[in-house]
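Peer 1: Each chain, letter by letter, is given below.
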Amino acid sequence: MSSAPNANPSPPPHEPSALAAVLSYLIPGLGQIYQGRYGKGALFMISLLGMFLLGQAMGQWQNVYLPDMRHQPGGRSIVSALVQRWHYGGQFWIGVAAWPALWQFYEMKVPDKEAQPFWHHFQKAPDETDVNNFLRNSDKTPDLGWVYTVIAGMLNILVIYDAYAGPMFLPGMRPGAKTSLAPKKEMAKEGVA
Amino acid sequence: MILFAVAIYWHLPLMLLVISLVYSATRHEEWDEILIEAFRWGIRMFGFMLLVGVVLFAVSWLI
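Heads up: the protein sequence lines correspond to chains X and Z, in order. Counting from 11, one number per residue, gives the positions in the first sequence under our numbering. Counting from 34, one number per residue, gives the positions in the second sequence under our numbering.
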């Protein structure tokens, strides 16, 4: 039994893709590019990585790190490090761009201090006295900087979900309309690819 | 004049643009829908920030 012809058929629902979600976690927008959604992928990549890097630069590259827990009671625990520096809980979601902080936290091999001082200190927990002096002698720009890095990380959670399950509204659907999700559910039930 | 003197506020339009565009792009697939939604969210966030700014200015003026 065929259904009545529809003059304006809804597009097929987005197939859930765990691989695209992982790719979008690693580099914002990479999952969308993998799915062939190049424009959105480029928008996410440029916007979020740009915002994350700008935020780091505004804080003189001293605002993405996990604190040094070597001398704390209980040893080097990632949980206690996050309790002390919760910002990283948001920054982590930007993906690979925030991994050097974990690298530094676990004291893995880094470039030589004399040869490459920037990369030697990149996302390493700064000296507390130096940070306090830096913040005391600057305007609010460094504070806005870490806010940028956290916002970029949190926005990437939405991007990961977009890569996994597609946009909230398919083309032609109006946000707020009671029937907005009905075609998506029906088509998914019918197994339309 | 105060706004022109404090440079950090020039970062805020960039933040508005990025947040509204990225958020809208996760809700829609078509560019016209993305841009319309981004414009709406941009206006809402700008209005909210303006309101907070006016309240803070009024408080600082009264005290």
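Some hints here could point you the wrong way.
Unchecked claim - Calculated from the model, a selection of chain X residues having no Cβ within reach of chain Z, i.e. all distances over 12 Å: (1) His24; (2) Val32; (3) Pro77; (4) Arg86; (5) Met118; (6) Gly155; (7) Asp172.
Said to hold, decoys possible - Here's a subset of chain X near chain Z, in silico, CB distances under 7 Å, partners left out: (8) Lys50; (9) Leu53; (10) Ile167; (11) Leu168; (12) Tyr174; (13) Pro177.
Claimed, not checked - Just a sample of chain Z residues kept apart from chain X, beta carbon distances all over 10 Å, derived: (14) Leu47; (15) Val55; (16) Arg60; (17) His61; (18) Trp64; (19) Gly75; (20) Met82; (21) Leu84; (22) Val92.
No lab work stands behind these hints, which were simulated from the structure alone. All figures in this text were calculated on a predicted structure; none of them were measured in a lab. By construction, the Cβ of each residue, glycine as well, lies at the ideal position given by its N, Cα and C atoms.
Peer 1: Against this structure, judge whether each hint is valid.
Peer 2: Hint by hint, here is what the structure shows:
no.: 1; hint: His24; in the structure: violated, 9 Å
no.: 2; hint: Val32; in the structure: holds, 17 Å
no.: 3; hint: Pro77; in the structure: holds, 26 Å
no.: 4; hint: Arg86; in the structure: holds, 34 Å
no.: 5; hint: Met118; in the structure: holds, 32 Å
no.: 6; hint: Gly155; in the structure: violated, 9 Å
no.: 7; hint: Asp172; in the structure: violated, 4 Å
no.: 8; hint: Lys50; in the structure: holds, 5 Å
no.: 9; hint: Leu53; in the structure: holds, 6 Å
no.: 10; hint: Ile167; in the structure: violated, 10 Å
no.: 11; hint: Leu168; in the structure: holds, 4 Å
no.: 12; hint: Tyr174; in the structure: violated, 11 Å
no.: 13; hint: Pro177; in the structure: holds, 5 Å
no.: 14; hint: Leu47; in the structure: violated, 8 Å
no.: 15; hint: Val55; in the structure: violated, 5 Å
no.: 16; hint: Arg60; in the structure: violated, 4 Å
no.: 17; hint: His61; in the structure: violated, 5 Å
no.: 18; hint: Trp64; in the structure: violated, 7 Å
no.: 19; hint: Gly75; in the structure: holds, 14 Å
no.: 20; hint: Met82; in the structure: holds, 13 Å
no.: 21; hint: Leu84; in the structure: holds, 19 Å
no.: 22; hint: Val92; in the structure: holds, 18 Å
Checked against the numbered hints given earlier, this structure breaks hints 1, 6, 7, 10, 12, 14, 15, 16, 17, 18; the rest are met.
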